Amino acid sequence: MMRIVKDIMARRELLVMLVIRNLKIRYKDSSLGFLWTLLGPILMILIYAVFLRILRIEVALPVLVTGIFVWQYLAMCLGDSPNAIIGSTNLVKKAAFPRLMLPLSIVLANFINFLFSMVVVVVYVRVAGEPFGQLALLPVALITQVALCLGVSLILSSLNVFFRDVQHVIGLLSMAWFFVTPVIYDASLINKVSANPDTQFWLNFLFHLNPMTGLLALYRSALIGLPAPALYLVIPSVVISGLVCLAGVTVFMKFQGRFADEL
Amino acid sequence: MNSDIAIQVEGVGKRFRLRHAGTRTLKSVALDMLRPGKRTVRDLWALKDISFSVARGKTLGLIGANGAGKSTLLALLAGTMEATEGRIGMCGTISSLLELGAGFHPDLTGRENVFLAGAIMGLTRNQMKKRFDAIVDFADIGQFIDQPVKHYSSGMYVRLGFAVAVEVDPDILLVDEVLAVGDAVFQRKCLKRMAEFRHQNKTMLIISHDLNTIQSVSDEILFLDHGRILGHGTPESVIGQYESFSRGVTTSDLRREWGTREVVLTGAEFFDDGGRETSKFKWGEALNVRLHYEATKPVGPSVFGFALSDENGRVVNGNNTQIEKVEIPGLQGTGSIVLRLPSLNLASGTYLFSFSAHSADHQVNYHRLDHAFAIGVDAGKRFEGVCYLPCEWRLDREGAKP
Numbered sequence: 002m003m004r005i006v007k008d009i010m011a012r013r014e015l016l017v018m019l020v021i022r023n024l025k026i027r028y029k030d031s032s033l034g035f036l037w038t039l040l041g042p043i044l045m046i047l048i049y050a051v052f053l054r055i056l057r058i059e060v061a062l063p064v065l066v067t068g069i070f071v072w073q074y075l076a077m078c079l080g081d082s083p084n085a086i087i088g089s090t091n092l093v094k095k096a097a098f099p100r101l102m103l104p105l106s107i108v109l110a111n112f113i114n115f116l117f118s119m120v121v122v123v124v125y126v127r128v129a130g131e132p133f134g135q136l137a138l139l140p141v142a143l144i145t146q147v148a149l150c151l152g153v154s155l156i157l158s159s160l161n162v163f164f165r166d167v168q169h170v171i172g173l174l175s176m177a178w179f180f181v182t183p184v185i186y187d188a189s190l191i192n193k194v195s196a197n198p199d200t201q202f203w204l205n206f207l208f209h210l211n212p213m214t215g216l217l218a219l220y221r222s223a224l225i226g227l228p229a230p231a232l233y234l235v236i237p238s239v240v241i242s243g244l245v246c247l248a249g250v251t252v253f254m255k256f257q258g259r260f261a262d263e264l
Numbered sequence: 110m111n112s113d114i115a116i117q118v119e120g121v122g123k124r125f126r127l128r129h130a131g132t133r134t135l136k137s138v139a140l141d142m143l144r145p146g147k148r149t150v151r152d153l154w155a156l157k158d159i160s161f162s163v164a165r166g167k168t169l170g171l172i173g174a175n176g177a178g179k180s181t182l183l184a185l186l187a188g189t190m191e192a193t194e195g196r197i198g199m200c201g202t203i204s205s206l207l208e209l210g211a212g213f214h215p216d217l218t219g220r221e222n223v224f225l226a227g228a229i230m231g232l233t234r235n236q237m238k239k240r241f242d243a244i245v246d247f248a249d250i251g252q253f254i255d256q257p258v259k260h261y262s263s264g265m266y267v268r269l270g271f272a273v274a275v276e277v278d279p280d281i282l283l284v285d286e287v288l289a290v291g292d293a294v295f296q297r298k299c300l301k302r303m304a305e306f307r308h309q310n311k312t313m314l315i316i317s318h319d320l321n322t323i324q325s326v327s328d329e330i331l332f333l334d335h336g337r338i339l340g341h342g343t344p345e346s347v348i349g350q351y352e353s354f355s356r357g358v359t360t361s362d363l364r365r366e367w368g369t370r371e372v373v374l375t376g377a378e379f380f381d382d383g384g385r386e387t388s389k390f391k392w393g394e395a396l397n398v399r400l401h402y403e404a405t406k407p408v409g410p411s412v413f414g415f416a417l418s419d420e421n422g423r424v425v426n427g428n429n430t431q432i433e434k435v436e437i438p439g440l441q442g443t444g445s446i447v448l449r450l451p452s453l454n455l456a457s458g459t460y461l462f463s464f465s466a467h468s469a470d471h472q473v474n475y476h477r478l479d480h481a482f483a484i485g486v487d488a489g490k491r492f493e494g495v496c497y498l499p500c501e502w503r504l505d506r507e508g509a510k511p
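Protein chains in written order, with the working numbering: chain A, 2 to 264; chain B, 110 to 511.
Derived from the structure by calculation, the hints contain no laboratory data.
None of the values given here were measured: they were computed from a predicted structure.
All C-beta atoms, glycine included, are put in the ideal place defined by N, C-alpha and C.
The reader is advised that the hints may include incorrect statements.
Computed list of lysine-lysine pairs in DSS-like fashion (alpha-carbon distance at most 25 Å, straight line) [said to hold, decoys possible]:
1. Lys238/B / Lys255/A
2. Lys29/A / Lys157/B
3. Lys238/B / Lys25/A
4. Lys490/B / Lys94/A
5. Lys391/B / Lys238/B
6. Lys25/A / Lys259/B
7. Lys259/B / Lys94/A
Facing chain B, a subset of chain A residues (Cβ under 7 Å, in silico) [said to hold, decoys possible]:
8. Leu15
9. Asp187
10. Val239
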């Protein structure tokens, strides 16, 4: 693992160039350019806000705003990563460099977009007059999410080289993941399933095995002052994100030698 | 590894897994698991038992037919593919020209792509800045450098790709058949650049189908066929070996044979006037063929014929014993007949001999061997066409009409 980090650090100039490349080409030839990073989630928030009101489901706007923006980062990585390797066939076949940089550069480029959109969220929270919560939790949440996004991206990008099914399945999986995560609803909704405290405890625990659930709790606690989630719910999310990242690196390193053969 | 050795390859093999139909899907993997005996993949060894080394400062040329494994070997050396077995040692920084402009992104400008390509090859931004002007200069693309490369002509694209790769200034340069691109002026520029590389004591590995070029730039040549080394040595000897090998391959492609087989042509030997057996002839030399036959049953008056065609099957000349009034009253048992062409006035190239044996009345075709034997001709003289007609030029200054 240390060797991988060392290899990448030795070629950090290339990593920076790849990140810049990804940022540049994402909104190339679109007149609104980078604004789409903000417009996309804002339009989605509007759609859900209207839709949820019609369904008479009560969700506070700040919850929806943080949910959608945070989800957007993962969604972009899920959408881009199947293409990370097969979209750079020429590079993979004709140039030697740590292949891990391709998905990594996508995750980092999306992270930069995400940071910019977070600024907008912070401004929104200020303007809406919501109280900030424990801002110290924000770095924890950010790092954990990068690890999670990287792990998932590494797995998807390498598997898609061998099984193109991945790119077709990913849209559905992403939608399912979206709905089991409290993005457009409040995490406390889970407590309405059962009144039994024991059942509630286990349901909550299961709910938080989805790392995005714990992550959202951290973000909402940091940004909009929702009560900090219990440690026994957050720690599994953080640990699982780390494990996904490790699994991603392992899977990727195992398969990368055969990329050039398959493409 | 010896410090005088730049590239060391030991027992390297590369296996590809081929699939019968397209990309592997979950379905095909599931099917493989259900029917272990009938896998949808099959193995192909693109390289096997490859061992050689290149001394520092030397240029090794790689030749071989398409599919011989040349590009795979270069990809292993460049590190884009992993060898299935064996060991590869490289000493020094490597730049590979496996494809010009590999890694260029169509939406980025020439300038952005130059820096990206530099980073891919392991240079820092500052190092690239120093080289930038030289690159733009060498590629000769002027104002276009700030246009997205998707608007480039294919010539501009490859020129920029080549310029980046050579300006990277590596210790070892790997070049895969990229000299064939660009116009004549740019090709000369590339060749000059590669000559400079040699003088700077850089190590190079070059693939080319242009035998003249590769002979002139290489110190040694490696000849690959079907993933194995068939020859390794001085350019002259290995290229000669490759040429006669190619002739053999050409022969087997065009070869056809038919007939009643009452008389069978069992073989032919080619030799020069000194009686030395050879398949390579020089301009104006005599060519002798001893054609062996076996009459499986006695036959009456017969005719032997030959035809000489070029590689495309176009007949240059053909003739038979009847035309030349050599009577063959009957054949029985085994024997041979000798054909002599006193002077081969042919252009350089590979030619194919066809032979036939048939009855004197042309009713029965005993045996025909079409395009069965190949010879090489080295004309050492340039002229238009396949065949040379002796000619004389005389300048008549008087210019008087007869």
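Verification of the supplied hints:
1. Under the criterion of a C-alpha separation no larger than 25 Å, the hint pairing Lys238/B with Lys255/A is inconsistent with the structure, at around 36 Å.
2. About 46 Å separates the Cα atoms of Lys29/A and Lys157/B, which puts this hinted pair outside 25 Å; it is violated.
3. Under the criterion of a C-alpha separation no larger than 25 Å, the hint pairing Lys238/B with Lys25/A is consistent with the structure, at around 20 Å.
4. Proximity of Lys490/B to Lys94/A is assessed by CA-CA distance (about 43 Å); at most 25 Å being required, the pair is judged violated.
5. In summary, the hint linking Lys391/B to Lys238/B is not supported, as the alpha carbons are separated by about 55 Å, beyond the 25 Å threshold.
6. Between the alpha carbons of Lys25/A and Lys259/B the distance comes to roughly 15 Å, so the proposed pair stays at or under 25 Å and holds.
7. Only pairs whose Cα atoms come within 25 Å are accepted, and Lys259/B paired with Lys94/A is accepted, the gap being roughly 20 Å.
8. Annotation: Leu15/A was flagged as interfacial toward chain B, and the flag holds, the nearest CB pair being 4 Å apart, inside 7 Å.
9. A hinted interface residue such as Asp187/A counts as satisfied when its beta carbon comes closer than 7 Å to some beta carbon of chain B; here the least separation is about 37 Å, so the hint is violated.
10. Contact between Val239/A and chain B, as hinted, is not supported at the beta carbon level, the nearest pair being about 32 Å apart and thus beyond 7 Å.
Checked against the numbered hints listed earlier, the structure breaks hints 1, 2, 4, 5, 9 and 10; every other hint is satisfied.
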